[in-house]
Amino acid sequence: MNTTMVNIKINGDNHLAPLNATILDACKRAGIRIPTLCYLEDVSKNASCAVCVVEVKGAKSLLRSCTACVYEGMEIATNSARIRDARKTSVELLLANHPKDCLSCLRNQNCELQSLASDLGVKEERYVRTKKIEKCDTSSIAIHRDPNKCILCGRCISVCQNVQTVSAIGLSGRGIKSKISTYMEKGLGNVACTYCGQCALVCPTGAIVERDDTDSVFEEMSNPDKYVIVQTAPAIRVGIGEAMGMDPGSLVTGKMVAGLRKLGFKKVFDTQFTADLTILEEGYELINRIKNNGKLPMITSCSPGWIKFAEHFFPDLLGHLSSCKSPQQMFGAVAKTYYAAKMEIDPRKIVVVSVMPCTAKKYEARRPEMSGAFDYWKDKRAWSSEDAFYDVDYVLTTRELARMFKETGITFSSLPVEEFDNPLGASTGAAVIFGATGGVMEAAMRTAYEVITGNPLADINFTAVRGMEGIKEAEVDLNGMKIKIAAAHTLKNARTLMEQIEKGESPYAFIEVMTCPGGCLGGGGQPIPTTWETRRKRAESIYAEDVNKPLRKSHENPNVAALYSEFLKEPLGEMSHHLLHTSYQQRGLLVWKTNGAEKKELKTPHHA
Amino acid sequence: MDGSRTLEQEMLEIDEVISRYKGKHGELLGILEESQILNEHKFLSEDALNHVALRTGVPLSRVYNVVTFYSFFNLKPQGKHTVTVCRGTACHTKGSRTLLDDLGLILNCKKELDEGEQFFTTPDKQFTVTTVACFGQCALAPVIAIDGIIYSNVTTSKLQMLVRRISKVRKNHENH
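Protein chains in written order, with our numbering: chain A, 1 to 608; chain B, 1 to 176.
FYI, nobody ran anything at the bench for these hints, they're computed from the structure. One thing to keep in mind: the hints can contain errors.
[Said to hold, decoys possible] Simulated restraints, written as ranges between beta carbons of each label pair:
{"hint": "1", "chain 1": "A", "residue 1": "Gly504", "chain 2": "B", "residue 2": "Ile37", "range": "36 to 42 Å"}
{"hint": "2", "chain 1": "A", "residue 1": "Met246", "chain 2": "B", "residue 2": "Thr89", "range": "55 to 61 Å"}
{"hint": "3", "chain 1": "B", "residue 1": "Thr89", "chain 2": "A", "residue 2": "Thr496", "range": "50 to 56 Å"}
{"hint": "4", "chain 1": "B", "residue 1": "Lys24", "chain 2": "A", "residue 2": "Thr130", "range": "36 to 42 Å"}
{"hint": "5", "chain 1": "A", "residue 1": "Thr89", "chain 2": "B", "residue 2": "Ile37", "range": "56 to 62 Å"}
[Said to hold, decoys possible] For lysine-lysine, the following DSSO-like pairs were computed, each having C-alpha atoms within a straight-line distance of at most 30 Å:
{"hint": "6", "chain 1": "A", "residue 1": "Lys135", "chain 2": "B", "residue 2": "Lys24"}
{"hint": "7", "chain 1": "A", "residue 1": "Lys593", "chain 2": "B", "residue 2": "Lys22"}
{"hint": "8", "chain 1": "A", "residue 1": "Lys593", "chain 2": "A", "residue 2": "Lys549"}
{"hint": "9", "chain 1": "A", "residue 1": "Lys492", "chain 2": "B", "residue 2": "Lys24"}
{"hint": "10", "chain 1": "A", "residue 1": "Lys179", "chain 2": "B", "residue 2": "Lys111"}
{"hint": "11", "chain 1": "B", "residue 1": "Lys22", "chain 2": "A", "residue 2": "Lys132"}
Note that beta-carbon positions come from the ideal geometry of N, C-alpha and C, so glycine has one too.
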């Protein structure tokens, strides 16, 4: 495949560029940096900010390099007084309507507008505010929006519409009244939003952020009556180092554990323990469905954004979802039953904090049905509804944990390497790879194969389901029974597989769906920026950790085996049914109607 | 006025509109336009928008995007008569702001006007007052339009007279 190359001149120097490449890409190839704001590789090219403008000889006006393409003989200037002035003016105009509360903004020092203003040498406020103050959207439990900080770059809309096919948000109004809105301004909590948080991940400013729970967690930790324990998802160990200023993809499991202990958690446990548990439950569920003509394909249920997506967009296909709770929720249920009993701690005093790469996990923890541990105890101890508690009390994203580390003055680089606490800290390599797209599928296959065939796997690496391709498929031979499996990431790809099922054309027995691009390692709660390059680096670290683990199959986890022999008895047993499995709700699209009374939670921002 | 038409009937009529536009380029605009016209108060209710979105498969946020972009679409009930005040430069210098204030007083909607509403409709749904950037009739400034008919060189007393005449016609109509 030969790409036609054209000769262009950039700042007087001759360069070759592929025909129809954008000026921005051509300059990037030539090693020339052009500042951008609304542009985001693979996500959005809205040409709305006018920051990436360049001068082209013969053109009437400055051109936006993110959309204008090169042609033979094009002469481009990327750095002239005219360009610098135009870029600066564009940013100054955006700043006119931007609340200057950077010091108290969650994105302080990690804001593209802030750094651009600094890079372009903005020194004064030349323009006055023209927009009226808008109310903030705090209607959802996971994601908060402050339209006043929005610069209308459109990245969030692009990611929501094109990557996730959810369209929870869109542009409304026109001209000065343009803003990012939910349908009829109902707020994210009252529309079909999956809380995946990809919008927050791509937002250049603090207009879309995770709901901050750091203060609540600090408060719980300073309460002497509470026994505050923490669980960390697989993707945190490859993300938190990055959020603390280390290289993208840095694998910092031991330092993270040490840091969490320093922060004040009584016990530092691993969500990977219950990831192994999930594999056993889910593996047996799959085997059960295959043997008993159950509903196939069975689809994984670890990713709460995906679950909510299915409930909104495919309410008639919920029978395909595995009934297994996610590892986060299994952890909460096990910690407040098995662990509480074993350690003789009043489960009402245990506070389970999760650190997740995910904003939707905040929502998952607050689903009303996620109180299996309380249901387990309430009859035994004759507790009333006043004693009720959730299985998981707080969910922090990677970014929130980084903020807590910084707030307590923990410097990551000087931390020692420590081990997780037992028994809920032991895990296998199969659990680590939950953090990458295809990982749950691979982990499940490692166990299902050995359970069904009774033979050890010759090669435990199912490389066919690894990598960043949107939908990956493979065929697995289970003792002569061939099954087709698939792993999809992003909800757009999930939608494709669901439409196949809807038409009755799905060839698969088992499907893994991860909401976010790249899987959890690219989750909406991960460090900003998250690009394809950082996702690949995090994935490399995930698979490196898998190889480093002495045990790499979930059914070999000795602590999970002990959990079964001491407490749960058997996979899919009575106890598992109550504590580890769940059910789903047909939600549809008119969410505000089923939410009961419409929640009016729009608030005036504090910087108003 | 036909007050007997239920929501259900309106939705059936919208279904009919949707079936006519199915697969046509730009179907959403056409569907919304006709749906608004067939509404008794010439507006798109939330129920109508929900219905259009669910039946066409267009995301709700996209429908909202379209109806808030085009000023032609009304998200609030419209009065039986529409008074449009020109707020172009020529009309402004000739006192169109005063005319707008007058309408607020005459029609008892001053509060909404002061709150900066784009347009307002009287509680009895008889009048909707709205503004326009320019009618292109600057030589006759200030101009207003009532139900599409343009009136020139409008003064406060002329405005009062025009509004009163419409109200009277309505009263007579009701008395018979």
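The hints, checked one at a time:
1. A:Gly504 x B:Ile37: 36 to 42 Å: About 41 Å separates the Cβ atoms of Gly504 of chain A and Ile37 of chain B, which means 36 to 42 Å holds.
2. A:Met246 x B:Thr89: 55 to 61 Å: For Met246 of chain A and Thr89 of chain B the Cβ distance comes to about 60 Å; the hint holds.
3. B:Thr89 x A:Thr496: 50 to 56 Å: 54 Å, holds
4. B:Lys24 x A:Thr130: 36 to 42 Å: Between Lys24 of chain B and Thr130 of chain A, where Cβ atoms are some 39 Å apart, the hint holds.
5. A:Thr89 x B:Ile37: 56 to 62 Å: Cβ of Thr89 of chain A to Cβ of Ile37 of chain B: about 44 Å, so the range 56 to 62 Å is violated.
6. A:Lys135 x B:Lys24: 38 Å, violated
7. A:Lys593 x B:Lys22: 27 Å, holds
8. A:Lys593 x A:Lys549: 49 Å, violated
9. A:Lys492 x B:Lys24: With a Cα-Cα distance of about 25 Å, the restraint between Lys492 of chain A and Lys24 of chain B holds, given a limit of 30 Å.
10. A:Lys179 x B:Lys111: 26 Å, holds
11. B:Lys22 x A:Lys132: Since the Cα atoms of Lys22 of chain B and Lys132 of chain A sit roughly 39 Å apart, the hinted pair is violated (cutoff 30 Å).
Taken one by one, the earlier hints fail for this structure at numbers 5, 6, 8 and 11, listed in ascending order.
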